[in-house]
Structure formats: C-alpha cells, structure tokens
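Participant: All chains should be modelled from the sequences, with the hints used to inform the complete structure.
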Amino acid sequence: MYRSVIISLFLLLISFSSYSHEMTPTYPKFKSSYMDGLLVTEMEIFNKRRDVAYYEIGVFDKDFEPIPFVSSYSVYKVDYLKKVSVEIYVRKKDEPSITYICSRSKVLKQRVSNTSVTSTICSKVRRGK
Amino acid sequence: MKKLILISAAIMTASYALADAPITGSVQSRCVVTTDTPGVYGNPNAYTLTTDPSDGGVLPIVRFDVTLADAYYAQITYPTEFTSSPSLSDTVTWTGSTEVSAVSDATGMGSYETDKTTFGETSQYDLTATGSTWFKTSSEATMGGNKAFPGGSYSATVEAKCIAQ
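Just so you know, the sequences run in chain order A and B.
All residue numbers for the first sequence refer to the working numbering, where the first residue is 1 and numbers rise by one.
All residue numbers for the second sequence refer to the working numbering, where the first residue is 1 and numbers rise by one.
The hints are simulated quantities; they were obtained by calculation from the structure and are not laboratory data.
All residues carry an ideal CB built from backbone N, CA and C; glycine is no exception.
One or more hints might be untrue.
[Unchecked claim] Heads up, incomplete: computed chain B residues facing chain A, CB under 7 angstroms, no partners named:
{"hint": "1", "residue": "ALA21"}
{"hint": "2", "residue": "ILE23"}
{"hint": "3", "residue": "THR24"}
{"hint": "4", "residue": "VAL27"}
{"hint": "5", "residue": "GLN28"}
{"hint": "6", "residue": "ARG30"}
{"hint": "7", "residue": "CYS31"}
{"hint": "8", "residue": "PRO60"}
{"hint": "9", "residue": "ILE163"}
[Claimed, not checked] Okay, derived cross-link-like pairs now, SDA-like style, lysine to any residue, Cα gap no bigger than 25 angstroms in a straight line:
{"hint": "10", "chain 1": "A", "residue 1": "LYS124", "chain 2": "A", "residue 2": "ARG104"}
{"hint": "11", "chain 1": "A", "residue 1": "LYS83", "chain 2": "B", "residue 2": "SER132"}
{"hint": "12", "chain 1": "A", "residue 1": "LYS48", "chain 2": "B", "residue 2": "ASP65"}
{"hint": "13", "chain 1": "A", "residue 1": "LYS62", "chain 2": "B", "residue 2": "VAL40"}
{"hint": "14", "chain 1": "A", "residue 1": "LYS31", "chain 2": "B", "residue 2": "THR118"}
{"hint": "15", "chain 1": "A", "residue 1": "LYS106", "chain 2": "B", "residue 2": "VAL40"}
{"hint": "16", "chain 1": "A", "residue 1": "LYS48", "chain 2": "B", "residue 2": "GLY131"}
{"hint": "17", "chain 1": "A", "residue 1": "LYS48", "chain 2": "A", "residue 2": "ASP79"}
{"hint": "18", "chain 1": "A", "residue 1": "LYS106", "chain 2": "B", "residue 2": "ALA106"}
{"hint": "19", "chain 1": "A", "residue 1": "LYS62", "chain 2": "B", "residue 2": "PRO38"}
{"hint": "20", "chain 1": "A", "residue 1": "LYS124", "chain 2": "A", "residue 2": "ASP94"}
{"hint": "21", "chain 1": "A", "residue 1": "LYS77", "chain 2": "B", "residue 2": "SER29"}
{"hint": "22", "chain 1": "A", "residue 1": "LYS83", "chain 2": "B", "residue 2": "PRO38"}
{"hint": "23", "chain 1": "A", "residue 1": "LYS31", "chain 2": "B", "residue 2": "SER29"}
{"hint": "24", "chain 1": "A", "residue 1": "LYS48", "chain 2": "B", "residue 2": "GLN28"}
{"hint": "25", "chain 1": "A", "residue 1": "LYS31", "chain 2": "A", "residue 2": "LYS62"}
{"hint": "26", "chain 1": "A", "residue 1": "LYS83", "chain 2": "A", "residue 2": "GLU44"}
{"hint": "27", "chain 1": "A", "residue 1": "LYS83", "chain 2": "B", "residue 2": "GLU81"}
{"hint": "28", "chain 1": "A", "residue 1": "LYS29", "chain 2": "B", "residue 2": "LEU68"}
{"hint": "29", "chain 1": "A", "residue 1": "LYS62", "chain 2": "B", "residue 2": "SER29"}
{"hint": "30", "chain 1": "A", "residue 1": "LYS83", "chain 2": "B", "residue 2": "SER29"}
Facilitator: Here it is as structure tokens:
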C-alpha cells in the first residue's frame, strides 16, 4: 500500500519536474511569399518548459553558419504551455544553401539554476514539391 | 400548429448547436527535448565543483522523445564555462561526459551508447528508433593551482540539441 503511494508520488514528482521544448514541422518547405524575391515558411514552437519563456530563432546552412532571415522577432516570447507560430522570410537566392531552422531556449540570467539545460531543436529544410 | 412548428424548429436548432463541438488535431513527426533533472554541483573540496552524486552533486538528465526513427541526432555538450559565478582569480579546467541513462526500447536503442560519436565536449547519438532516451551529463570544474573557489553561487549550462537528419 505504502509502496504504491510512494511510487505514485515519485511519478507525480517526475511529471511535474520535467520541462520540454517542441518545434514543428521537422521538415519545413519554403514557398513563395507575397513579396517579390522572398520565400516564406511557418514554424510552430510549443513551450512546456516552466523555466523558459524565450526562444531564439536561427536559419543556418549545412555547416551551421547563419543565413540572413527576417521574422517579426529573433527572440520570441512563448509562455508556458503556449504555442507560437513563427513566419520566416528568406531571400530566394539564399534558399539553395538553407539547411536548418533552429529554435534555442534562452535562460534568463537571474533564473539560471546550478546547471541548467539549453535546449535546441533544428528542423531540416526540404526542397522540391 | 404554427406554434408547434416553431418549437420543433427551436429544439432542432438547439440540439444541432449542442452536437457541434469539433476537436481537430494533426499528427506530425517531432523531437521533444525535456529537462528531466536539472543538475547540482557538489563541492567535495575547496577547488572542485562536480555533479558526481558521490560528492554531493546531482547529474542533469535530459530526455529526447522522437516519433520518427532515423530522423534525428541528439547532441549533448557539457559546459566549459560558468554562466554566472563570483569573480575568479585563476583559470578553471573543465571535464565532463555524457552517456545514455535509460531507454524506452532496450532492443532498438541498446546500441546508442556504443555507437555514439564524441567530438570535443559534444556527444552525438543517432536516434534510430522511436521512443524516449534519457541522457545524463557529468561536469566537473577545477580551479587552477588548487586555489579555492570563492564563496557564492555558480551555474553552468548543458546544451541539448535535437537535429533533423
């Protein structure tokens, strides 16, 4: 009896103490935008990390060298258990070298614990139809 | 008669409105990075900070959940600097490592640890099966010349990356 209560409490503690970060789609595609010479794609970030409220977006080539892009912000505020859609615009001429779109958690300096974890999720851009 | 028709129509409309509560959703492949346990540094002697549990530390544990096999890499990097600390009088030497702590599918994920590649401070795992994998990272900071770490709070960051293949 006590054993099952202890196990339940332990599992409850684990479920409350875990924090996660999601970004979809895994394989985004760029499509023509309403602006000439620019392509657009849309990503979605879901924040299940209580300790994080900001995520930085980046666009990279195959060697993780940054590629210029435009979005409403480079760092998005995503409250706990909220989803945010992010539109990313890139130049058509840069499209062949774009390989990854990444979101990276930003831990506030005053909230850093003894050893915190920075989570990064990188989606891989797919080309063609 | 007219009243009866009106009442019937009202009931039909009401039942229609009550029945119409759609729930929509979509399923797509994803990688979820979860901090299961934030780490804690123990201080076994004046010049060492370590996450080793035998020295009073706690190992940080990160979980990767993937819903598509052979689609992601997990890259975990142990810290090489403090994100915040008191002013330090000497250089700090960093060591660390990452290893698989637990898996949800012993058959499909059993070779993750032996198949990992390590470059610098980073360990890379090819997530070849769907499910959850827990990784634990150890970190140790040693003050140069065996000088004592000054009093205060210290923090460092483990980087956990999930990269689509």
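Participant: Taking the hints in turn, state whether each one holds.
Facilitator: Do the hints match the structure? See the list:
Restraint check, ALA21 of chain B versus chain A: the minimum CB separation of about 21 angstroms is more than 7 angstroms; hint violated. Restraint check, ILE23 of chain B versus chain A: the minimum CB separation of about 16 angstroms is more than 7 angstroms; hint violated. Because the smallest distance between the Cβ of THR24 of chain B and any Cβ of chain A comes to about 14 angstroms, over 7 angstroms, the interface hint for this residue is violated. Hint status for VAL27 of chain B relative to chain A: violated, with the closest Cβ pair at about 10 angstroms, above 7 angstroms.
For the restraint placing GLN28 of chain B at the interface with chain A, the shortest Cβ-Cβ distance is roughly 6 angstroms, inside the 7 angstroms limit, so the hint holds. Contact between ARG30 of chain B and chain A, as hinted, is supported at the beta carbon level, the nearest pair being about 5 angstroms apart and thus within 7 angstroms. The closest approach between the C-beta of CYS31 of chain B and any C-beta of chain A is roughly 6 angstroms, which is under the 7 angstroms cut-off, so the hint is satisfied. Given hint, PRO60 of chain B at the interface with chain A, holds; its Cβ is 5 angstroms from that chain's nearest Cβ, closer than 7 angstroms.
Against a cut-off of 7 angstroms between C-beta atoms, the interface hint on ILE163 of chain B holds, since the closest Cβ of chain A lies about 4 angstroms away. The suggested pairing of LYS124 of chain A with ARG104 of chain A holds, with an alpha-carbon distance near 15 angstroms, which does not exceed 25 angstroms. A C-alpha spacing of about 22 angstroms is found between LYS83 of chain A and SER132 of chain B, which places the hinted pair at or below 25 angstroms, so the restraint holds. Proposed proximity of LYS48 of chain A and ASP65 of chain B is supported: the alpha carbons are some 13 angstroms apart, at most 25 angstroms.
Note on LYS62 of chain A and VAL40 of chain B: the hinted pairing is violated, with a Cα-Cα distance of about 35 angstroms set against a maximum of 25 angstroms. A distance of roughly 37 angstroms separates the Cα atoms of LYS31 of chain A and THR118 of chain B; the hinted pair therefore is violated under the 25 angstroms criterion. A C-alpha spacing of about 19 angstroms is found between LYS106 of chain A and VAL40 of chain B, which places the hinted pair at or below 25 angstroms, so the restraint holds. For the given pair, LYS48 of chain A sits about 18 angstroms from GLY131 of chain B by alpha-carbon distance, which is consistent with the 25 angstroms threshold.
At roughly 9 angstroms between alpha-carbon atoms, LYS48 of chain A and ASP79 of chain A fall within 25 angstroms of each other, so this suggested pair holds. For the proposed pair LYS106 of chain A and ALA106 of chain B, the alpha carbon gap of about 33 angstroms is over 25 angstroms, so the pair is violated. Note on LYS62 of chain A and PRO38 of chain B: the hinted pairing is violated, with a Cα-Cα distance of about 31 angstroms set against a maximum of 25 angstroms. The hinted pair formed by LYS124 of chain A and ASP94 of chain A meets the criterion: a straight-line CA distance of about 15 angstroms does not exceed 25 angstroms.
With a C-alpha separation of about 24 angstroms, the suggested pair LYS77 of chain A and SER29 of chain B falls inside the 25 angstroms cut-off, and the hint holds. Annotation: proposed proximity of LYS83 of chain A to PRO38 of chain B holds, straight-line Cα distance about 24 angstroms (limit 25 angstroms). Restraint check for LYS31 of chain A and SER29 of chain B: the C-alpha separation of about 20 angstroms stays at or below 25 angstroms, so the hint holds. Distance check on the hinted pair: LYS48 of chain A and GLN28 of chain B sit about 18 angstroms apart at the alpha-carbon level, within 25 angstroms; holds.
Restraint check: the Cα-Cα separation between LYS31 of chain A and LYS62 of chain A comes to about 20 angstroms, which is no more than 25 angstroms; the hinted pair holds. Annotation: proposed proximity of LYS83 of chain A to GLU44 of chain A holds, straight-line Cα distance about 7 angstroms (limit 25 angstroms). At roughly 32 angstroms between alpha-carbon atoms, LYS83 of chain A and GLU81 of chain B are farther apart than 25 angstroms, so this suggested pair is violated. Taking the CA atoms of LYS29 of chain A and LEU68 of chain B, the gap is about 18 angstroms. The hint holds against a cut of 25 angstroms.
Restraint check for LYS62 of chain A and SER29 of chain B: satisfied, since their Cα atoms lie roughly 21 angstroms apart, inside the 25 angstroms limit. Annotation: proposed proximity of LYS83 of chain A to SER29 of chain B holds, straight-line Cα distance about 17 angstroms (limit 25 angstroms).
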